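Undergrad: Spelled out, the chains give:
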Amino acid sequence: MRSSFTRGNLPLFTWAALLLAAIAVAAVQVSSSDAWVRSNIFELLPASDYDPLHEQASRVVDAELGTRLIFFVGHPDRDIAKQSAETLGAALDELDLLGSVTIRVDESQFAAIGAFYYPYRSRLLSDSQLEQIDNDPDGVEAAAVAKLYSPFGSTGDLATDPFFLFADSLQAMLPAERSLSLDDGYLWAEKGGRNYIFIMANLLAPSLSIAEQEVLATRINGALDELQTAHPELDVLKTGFSFYAHEATQSAKGEISTIGVGSLIGLILLVISAFRSLRPLSLIVVSILAGCVIALGVTLSIFGFVHLFTLVFGASLIGVSVDYSFHYIADDAFGDDAWTAETGISNIFPGITLGLATSVLAYLALTVAPFPGLQQLAVFSTAGLIGAYLTLIAMTRIMRKRFKRHPQSAVLTFAERYTSAWRGHSKRSQAIMVLVLLALVAAGALRLNVNDDVRMLQSQPAELVEQESAIQELLGVAQAGTFLLVAKDDEQSLLQEEERIRVHLDELIADGSLDSYQAISRWVPSFQRQLRSGEAWNELMTTRLLSLYDALEVHREDAVEALANLTREAPILELQSWLQSPVSEQFRNLWLDTEGPESASIILLFGIDDIGLLSDYTVINKGRELSSLFGKYRTRVVEMLAAAYVAILLGLAWRYGLLRAARVLAPPVLAGLLALSVISVAGGTLNLFNFLALILVLGIGIDFTIFIAEAKHDPESTMFAITLSAITTILSFGLLSLSSTFAVHSFGITVLIGIACAYLLCPVAMKAREEGDEG
Amino acid sequence: MRVMFCAAATALCLAFAAAAEEPVATDTTLAEVAAQLAAPAVLRGKFEQTREVRILSKPLHSSGHFVLSDLGLFWQQEQPVASILIADSERLLQSVGDGPLQSVDVARNPVVLTFSQSFLSIFRGDEAQLREQFDVAFQPGTAEGRWRITLNPVNYPMSEAIKSIKLDGREYIETLTVTSRSSETTTISFSDLQTEPVELTEHEIQLYAR
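Protein chains in written order, with this note's numbering: chain A, 117 to 891; chain B, 152 to 361.
By construction, these hints were calculated from the structure, which means they are not laboratory data. Careful: at least some of the hints might be erroneous.
Covered by chain B, according to a simulated footprint, are these stretches of chain A (three or more residues, beta-carbon under 8 Å) [said to hold, decoys possible]: (1) 134-142; (2) 335-343; (3) 671-683.
Derived contacts from chain A toward chain B, CB cut-off under 8 Å, selection only [unchecked claim]: (4) F226; (5) A227; (6) L668.
Note that the coordinates shown come from a computational prediction; the quantities given were computed from them, not determined experimentally. C-beta atoms are modelled at their ideal positions from N, C-alpha and C, and glycine is treated no differently.
Use the sequences and the hints to build the structure in full.
TA: Here it is as structure tokens:
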């Protein structure tokens, strides 16, 4: 196979066909869809493996989270705050992306709520009203009389609500909120001498394309800048998923160009310094470009889009994909006069093929975690590497001129000195070094801390985080994000179940463990509850109405008529009529539209500290779920790595014998452990991405030792190529470690340290070979 | 970003309770009256209230006395049933019969708070505060020195409950007439108004401290 593939024009044709196909696929995808590059973080995350209801509840929650934008416009002068809020509101109104913008509260909605519920007033008595009617009917009557005489305030209609219960029932249905106040239709909060007006807007779609994010951010920031210029004392706070997404996109774009351009410039400088010639660059650049195009084409044809996250990681592919070219160029440069492209390719073929195989295996191992983001990354990288590999083999068909190394090149000098330094070391000093390194690993293991917080996936710009917490403070409600999913066989059992749960939630509120909650049954009590309320109402009317009316000297016949009306069976409030009424608009999405006969709803929780308190219920917390998923896959990756080490050891043992195999495998294994230790000793925490990076440290690091083990002539030429490839890898992943996204940073820093160690340790394999030869 | 959920609750539920401080254009004669009302540090007197309620054949009569000072309004109804109301700009306490004085949850009863605050503003002649909540019309009365001020609520939730408030007086407010949206009227007449002693007596301070 080797002979047929590395000779003749077959590789050239294969490569050209693949490249053209990739270009064609990429061109079709890019031209047919605006959304071929995406940045929505949710597309990176695994679909949860829960039942459809859980899934549906999560979608409702995601849509809520994803579409809402909140602003607070604050100024010491209330009039300026109003004007500024109106100006911002007008700017928001002009945005087609926004569905609704609320600056002023429509006061008629309060009247509408009253009008909707009034016919059902006997069905809606609150807990404390029911209790008072049962235990202290005298008190109910006395309170009614007091209200009737009070100079303050409206009471109600003595004929249809004689004990003035409705206002209190209605208020009990609405959670008490103290932090915002209504004035002149605006919702106000006060802080630091400024009067803030609350503005809320909803996006029409739960996720925005990159172009839409840009439009949204530019227009809003433009409007805010103008306001700020006009009123320097103005303070505008904003929060919303889209703002975070936009910031993430901006920083990803910046990082792609930093990593891409940085890697390329580093590469050019390296090539110039090593070869004093730009000619090797032609081979390298062609191989990188072809690799990237093929990676993009394959990714687009499989996924239909490419995520920015993939591109950030993909930019580091440059550093890995040049390795094959380096080996070829080094072999050429070190070859004698009889060297031809065929000699070169057959010299390096076993090494680069084995290297490609292990790298591809390492990348494919990334797909062990069912994160679409990682799967795409693996596909992109694998395709890119195979592309670069095929490019090299194809190019050797047409490259005729020899490469010359620069005899005084620093890289070469370093590689030679480093190799001979290793040769000079005794077995004993190597053993001591390994012991020292193992001690460092042990020190790291002692300080090992893990953190699986899902927020590491997105950069968290300090400014946005601060504004979000300022907004939380103004709203006086801690963050939501935790929900209870309630499901029952039918609607009524569900409402009853909610009522049972709410008893517990009310206790938690009384304890201070929970701020507040929203639940459908608060606005639509179960039939059971409504009937109970109706009985208490009738009881109160039958026993107390006439005495109340007598005290007020109501005509007897009027009193009797009123009693008949008040005890006539009242309509029962049906869930469907609430769902169809405008009064439920803000809350009806808590009701899940199930397809089957069962019923399900969501209870939103605000400011819950300890989820353990809710262990009896189905708690949904997307952030927590993902964090625990990250933790789960972190463990799985470690197990898989261990299995991979064993499998690779066995494979290598078959080719090299167990002792040499161990020497080939030891450097990348030790390098990976060292990377984790260095991070731990430096006080960092470890997450899934550090461990995923170990897969790459293994994949790339073992290339180094395999190249050494497979080297056809003196180890200096191999070491020269390995040095070049280690420098480029370190450069590109080093740049990745500068990322503001913690996950990307973790990945980069681990590969950076790991590859540096793997490089420094790789001569271990060289020694092994010589000893093997001797023995 | 998770704050956003609260917003749904917010928009509907928390949209209550008014606060205001904003001076607007002044009306000289009204300003004079307001200054006059604001002058005494302590005002005390008796009240008689008549309320017409739709289905009642006779209006409801009640009476008692009150004290107005820096500490707020102390309103003690003696007939036909005993009750006490204590209101300041932030809170409202009430008791019925011999029962304990209980704090009204003003967050849940914004109408009551707004009303009691307006009441305080009326008695104190706090014109700026009144203009925040009402359209204010001033009419000189027929007799020498008499006047009528008509207040029409402009803001929710007052506007939902009350059609108008009419104040008649000379040196002080003598009659206050509240007409509700359902056209029921409450008339409160004040008599025996005293501004001496200029400071609260020990006994009066005790009343507020209950």
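Undergrad: Could you tell me which of the numbered hints above are not met by this structure, giving the numbers in increasing order?
TA: 1, 2
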